[in-house]
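Heads up: the protein sequence lines correspond to chains A and B, in order. End of the first sequence = 206 in my numbering, gap-free, step of one. End of the second sequence = 1206 in my numbering, gap-free, step of one.
No lab work stands behind these hints: they were computed from the structure. A virtual CB, placed ideally from N, CA and C, is assigned to each residue, including glycine. Please note that a few of the clues may not be correct.
[Said to hold, decoys possible] Here chain A is said to cover these stretches of chain B; the calculated rule only asks that three of the stretch's residues, wherever they fall, bring their Cβ under 8 Å from a Cβ of chain A: (1) 1037-1050; (2) 1140-1149; (3) 1184-1196.
Number of protein chains: 2
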Amino acid sequence: MTNTVATKDRIIDAATLLVSEKGYLGATTREIASRAGVTELTLFRHFGSKERLFEALLGRQMFLPRLKEIMPKVDALSYEEGLQVIGEGFLLSLKERKPLIKIMHSEVNHYPDKVRKIYNQLIDATREVLKDYFAGLQKKKVLRAFGPDMAAKAFLGMLFSYFRTEEIMRGVDITRGGRLSRDVRELVDLFVNGTASRNGAKRRHS
Amino acid sequence: MTNTVATKDRIIDAATLLVSEKGYLGATTREIASRAGVTELTLFRHFGSKERLFEALLGRQMFLPRLKEIMPKVDALSYEEGLQVIGEGFLLSLKERKPLIKIMHSEVNHYPDKVRKIYNQLIDATREVLKDYFAGLQKKKVLRAFGPDMAAKAFLGMLFSYFRTEEIMRGVDITRGGRLSRDVRELVDLFVNGTASRNGAKRRHS
DNA sequence: GTCATATGTAAGTAACTACTTACATACCTC
DNA sequence: GAGGTATGTAAGTAGTTACTTACATATGAC
């Protein structure tokens, strides 16, 4: 068994890319095998069926929420700087998982349970970490009173929509030309300071 | 030509629903015709091919951005109340267009140009209106200085992600039990007032 | 009543797809 | 060199799909 593991992985990689481009039905076993540099027969010998290959593809992704690892570093920063680091990290990890994100979007109906599970691992886990971050800062009175869970949803939602619009819908590479930092900074500013003017005149106008 | 228009519309409606459930490849012409209550042959007589039916499906959606119509009403409200109305209206119109939203998500790769066009009409048009709203209030000093375009992206992004998570990923009906108003209120509060505590102590902590 | 229009029934076709079977070959281990 | 393991070649199968052809039927307009 020299390179059997490598073969299996190459097939899964090819499948991940192809399914993310053409969808589960559009990605044929023949083309997946061809892109992996193996025969169709080899694909079936490894996975038995297309469906099981797809399950393996979904199952291989494990999201040790990387955010957890950078939180110590974040805790040493100011609130705004911390959010900046979190925001950029989140977007970069979305970018790394882009094929999987696309599969999640297209294949929710085809494989609801597994896809939702992935979604949970990817988004909800991150949200939990962020929620605790907010709650901690609220105790220290750095942050005002608000629902930390909804706030985490809001912050990640802004970023996720940004990612989907630019990378997936428009096909733009957000990592080029320092756009990422600049845009995140703008979003963080809004999230930290809100939009109302500071003099408390937020009641009525006209 | 008694009910020829009705037939064509029924086919498009059936196709919209089926494609949103199973994707373009997963929705067979036979099942579409069956759901529309016609023969497969009738479908092909009307549209010539599955591809052209799909184009018709996408083309039929016209988004007179309904937000534009409610803006006069919004202008009479306070900033927060205005955002509340805008937010709820946006979510409700997403909910109405849910099948189309799902198609947009799944079929970006299959039909990039047309789908992007729809996306623009649906999201970007709304964003423009919101951007002008912000810019107007900034002139009146009701709002502080910030990039109105990114702010519009942020606000709609929060709402869109909320919609996608609850309605599409989790299959929850957001219109039930007053959840909609309550959640929008929470998001609006965050967007208006931000998250930092009011006493300006937003520099450092620990 | 004739004619055009819209739809139906029935049968079929060519292409493709996931998957299989039978047999051969290369490589590694012992 | 014997045998196990991973892969390849070649051919094929059963099912499905988009789409077609030929013929019949109903309906409304004039």
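Evaluation of the provided hints:
1. For the segment 1037-1050 of chain B, the stated coverage by chain A is not satisfied: 0 residues place a CB nearer than 8 Å to a CB of that chain, which falls below the threshold of 3.
2. Check on the segment 1140-1149 of chain B: 7 of its residues sit with their Cβ under 8 Å from a Cβ of chain A, so the three-residue criterion for coverage holds.
3. Residue count for the segment 1184-1196 of chain B with a Cβ under 8 Å from a Cβ of chain A: 10. That meets the three needed, and the coverage hint holds.
Going down the numbered hints, you'll see the structure goes against just number 1.
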